[in-house]
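Undergrad: Chains A and B, in that order, give the protein sequences.
Counted the way the working numbering counts, the first sequence spans residues 1 to 168.
Counted the way the working numbering counts, the second sequence spans residues 1 to 176.
FYI, nobody ran anything at the bench for these hints, they're computed from the structure.
It should be emphasised that the depicted structure is a prediction, and the values quoted were computed from it without experimental measurement.
Treat the hints with care, since some could be wrong.
Unchecked claim - Okay, the calculated bits of chain B under chain A, using three or more residues with CB under 8 Å as the criterion:
hint, region
1, 10-24
2, 35-44
3, 83-97
4, 118-130
To be verified - Keeping only pairs whose Cα atoms sit at most 16 Å apart, straight-line, the calculated EDC-like set for lysine to aspartate or glutamate is:
hint, chain 1, residue 1, chain 2, residue 2
5, B, Lys141, A, Glu48
6, B, Lys92, B, Asp169
7, A, Lys167, B, Glu90
8, A, Lys167, A, Asp28
As the list claims (entries may be wrong) - Far from chain B, some chain A residues (derived; all Cβ distances over 10 Å):
hint, residue
9, Val11
10, Val13
11, Ala19
12, Ser23
13, Gln26
14, Leu42
15, Asn53
16, Tyr61
17, Leu83
18, Ile107
19, Glu113
20, Thr126
21, Leu135
22, Pro138
23, Pro159
Glycine residues also receive a C-beta, built at the ideal position from the N, C-alpha and C atoms.
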Amino acid sequence: MNILLFEALVVIVTIAILAIMKSSGQKDVMKKFGLMLIAVFLFQIMSEPMWVNSNLDSWAYLYGNVSWILTFGWASIFFLTFLIVDKGFKKMHEKNKFWLYLLVATIITVPAESLILKLGIRSYATLLSSTFSGLMIPLTQVPIEVLFAVPMISALIIPFYKYISSKY
Amino acid sequence: MIFELTVIIITLALLWFLSSKNKNSWKVYLITAVGVLLFEYYTQALWFNQNLEKWAYLYLDVSWIMTLLWTNVILLSIFIIESWRPKYSEVKKFFMSIGLITIFVMAIEWVLIRTNIRGYPQVILDMYESLPRLFGIVPLKELIYVFAFMSLVVAFTRYWQHNYNLKFDKFNGGRK
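One chain only, chain B, in its complex shape (with noise of 0.2 Å):
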């Protein structure tokens, strides 16, 4: 329950701050979320999300507390690398953000798997007994799976910010 009741906190908190600095924010936050659920669901086989309160699922063990967590690191990240370098190339901030994202990711799955939310299914535990471990806990493979997967999901939500003319690349000077 701490764990639903953070993330929700972390949510509201980062949406009422992006607000503050961007009128899109809502929106680019709903359609990274949209995104981070499809690849959620497309792939749910892969892992398990346990120990959740009822409440906090969608489907299965597809979790919406989930999508808000993935979805809060996705918009952080793309938010800092914005505001820290603002005159880069999109394909330059592009892979910054994803960089950024991995780092977070990998430190939150971390956490995940030792509070025993994070779990996997025998057959992908099989897989990575054969590969290394960071940290001896988050395993190397899934570096490849985050970078395979927020590349994905980014891509999807700056082709829908640029689909709506959703810019979210101005932070200054708070709402506009």
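Bound conformation, chain A alone (with noise of 0.2 Å):
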């Protein structure tokens, strides 16, 4: 897949999902988009010098590493999370539906990674890779850790967005 393609798929998706919240009734979607984009941001700081995201178009970058393409990506993979466990699980308290949110956005993401790990478009720093078992996922190039660090990431940024977005 060329990279301006990825680039302009990341947007069509991110509209796409933002469209059917839209048309699901939900509020201030845009707010809801902005507050999640900084949850998003916060840990993309935090955690910038633990990957490489490269190959992207100069446009594509906010700063250094940090790339508003994978945001919107991140974001999108949150959103859907939402979409499809709220959908599925109307009535579970939020404590549980927490649960499902993690194990959803997990699925979701290890494709979307593993794609980005094809197109040549993520690496990981050596102090990173330094600390990996070698352990695959089956039939992709993603890295067993991902498994773990993929809810630890959602388990901090869905609560702020949550929060954030009930108080804000």
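Build the complex from these two chains, which are given one at a time in their own frames, with help from the hints.
TA: Shown next, in the form of structure tokens:
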């Protein structure tokens, strides 16, 4: 897949997910999107030295290694997760749905991570890859550690988004 | 050893004090500690916690003593802000807490670096080299990291407080 095509695809998927949220009756969709971008961006600031986002077009970067295209990608993953879990488990309490959010976000992220690894967009910094076991998730090039890392990332980003969007 | 014992004693004293003011303190403390631990585990490649006693480590250089230390800072800051400005909006109190936490953390990091408990991998040191240091020691970039880190952890605490209905905003009149 062409890099430009990937970037366009991320933007289109993001717009589509926001449109689905709007059509399903959600209010303040753009505000929610903005808050989610902040949540993801906070995490990207922290973890920036741990990975390398390369080969994207220059306009796709915010600064250094941080790409707004990938921020959009993460935001889409979380919103898609909310759409799936909230629709499938309407009556479940938030504290129980939280665990489903982590599971669904991980399931969506693994193929997405596999794609960006394949495209040469994602690689891992030595200080991180030196801690890897060398095991991969079957049928992918994704290190097994991603299966632990994604729920951890999600366990911090989702509460930030949920808390701030409920108060702001 | 003195550092580890100091942190444990401060933790016990803080928990005793907060528990005497609010019955949810232990639970809120535990939630916050989980949030801190999640973040420490995930970002462990970015720094070293060194020269602590063997029993102070949980996994590689992730130390439960450091988890207690950061949890103390967060809970104390939330307590101060909640007591000082109880009528402020949630969002205002959230950012004021982050501000206070950042001040505490920068001071503690200064001590940790000087006592050689905190270290950084070479690649991080190289990155810090290009940026100014506060008081000549604490890297300025760390200020941004602390803000990001603490925003996520404090929101984690608030989110689970809400889910379990653990109010931590009233401290008058001792145990309730």
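Undergrad: Each hint should be assessed against the structure and marked as holding or not.
TA: Here is what the structure says about each hint:
As drawn, the region 10-24 of chain B meets chain A at 0 residues by the rule of a beta-carbon pair under 8 Å; below three, the given contact is violated. Requiring three or more residues with a Cβ within less than 8 Å of a Cβ of chain A, the coverage given for the region 35-44 of chain B holds, as 7 such residues are present. With a threshold of 8 Å between beta carbons, the proposed coverage of the region 83-97 of chain B by chain A holds, since 4 of its residues qualify and at least three are required. Counting residues of the region 118-130 of chain B whose C-beta sits closer than 8 Å to any C-beta of chain A gives 4, which meets the bar of three, so the coverage hint holds.
A threshold of 16 Å between alpha carbons decides the hint, and for Lys141 (chain B) with Glu48 (chain A) the separation of about 12 Å falls inside it, so the pair holds. Taking the CA atoms of Lys92 (chain B) and Asp169 (chain B), the gap is about 14 Å. The hint holds against a cut of 16 Å. In summary, the hint linking Lys167 (chain A) to Glu90 (chain B) is supported, as the alpha carbons are separated by about 7 Å, within the 16 Å threshold. With a C-alpha separation of about 13 Å, the suggested pairing of Lys167 (chain A) with Asp28 (chain A) holds against the 16 Å cut-off.
The Cβ of Val11 (chain A) sits about 25 Å from the closest Cβ of chain B, beyond the 10 Å cut-off, so the non-interface label holds. Even its closest Cβ contact with chain B, about 25 Å, leaves Val13 (chain A) beyond 10 Å, as expected for a residue assigned away from the interface. Every C-beta of chain B lies more than 10 Å from that of Ala19 (chain A), the closest at about 27 Å, which supports listing it as non-interface. Separation of Ser23 (chain A) from chain B is adequate, the least Cβ-Cβ distance of about 27 Å exceeding the 10 Å criterion.
For Gln26 (chain A), the shortest C-beta to C-beta distance to chain B comes to about 19 Å, beyond the 10 Å cut-off, and the non-interface label holds. Chain B draws Leu42 (chain A) into its interface by the beta-carbon criterion, the shortest separation being 4 Å against a cut-off of 10 Å. Under the 10 Å C-beta cut-off, the non-interface status given to Asn53 (chain A) relative to chain B holds; the minimum distance is some 16 Å. Every CB of chain B is more than 10 Å from the CB of Tyr61 (chain A) (nearest about 17 Å), matching its label as outside the interface.
For Leu83 (chain A), the non-interface assignment is confirmed: its Cβ lies about 19 Å from the closest Cβ of chain B, beyond the 10 Å cut-off. With 10 Å as the threshold on Cβ separation, the claim that Ile107 (chain A) sits away from chain B holds: the shortest Cβ distance comes to roughly 19 Å. The claim that Glu113 (chain A) is not at the interface with chain B holds, since no C-beta of that chain comes within 10 Å of its own (minimum 15 Å). The Cβ of Thr126 (chain A) sits about 7 Å from the closest Cβ of chain B, inside the 10 Å cut-off, so the non-interface label is violated.
No Cβ of chain B comes within 10 Å of the Cβ of Leu135 (chain A); the nearest lies about 17 Å off, and the non-interface call holds. Residue-level check passed: Pro138 (chain A) sits 24 Å from the nearest beta carbon of chain B, beyond 10 Å. For Pro159 (chain A), the shortest C-beta to C-beta distance to chain B comes to about 3 Å, within the 10 Å cut-off, and the non-interface label is violated.
Hint compliance for this structure: hints 1, 14, 20 and 23 are broken, all remaining hints hold.
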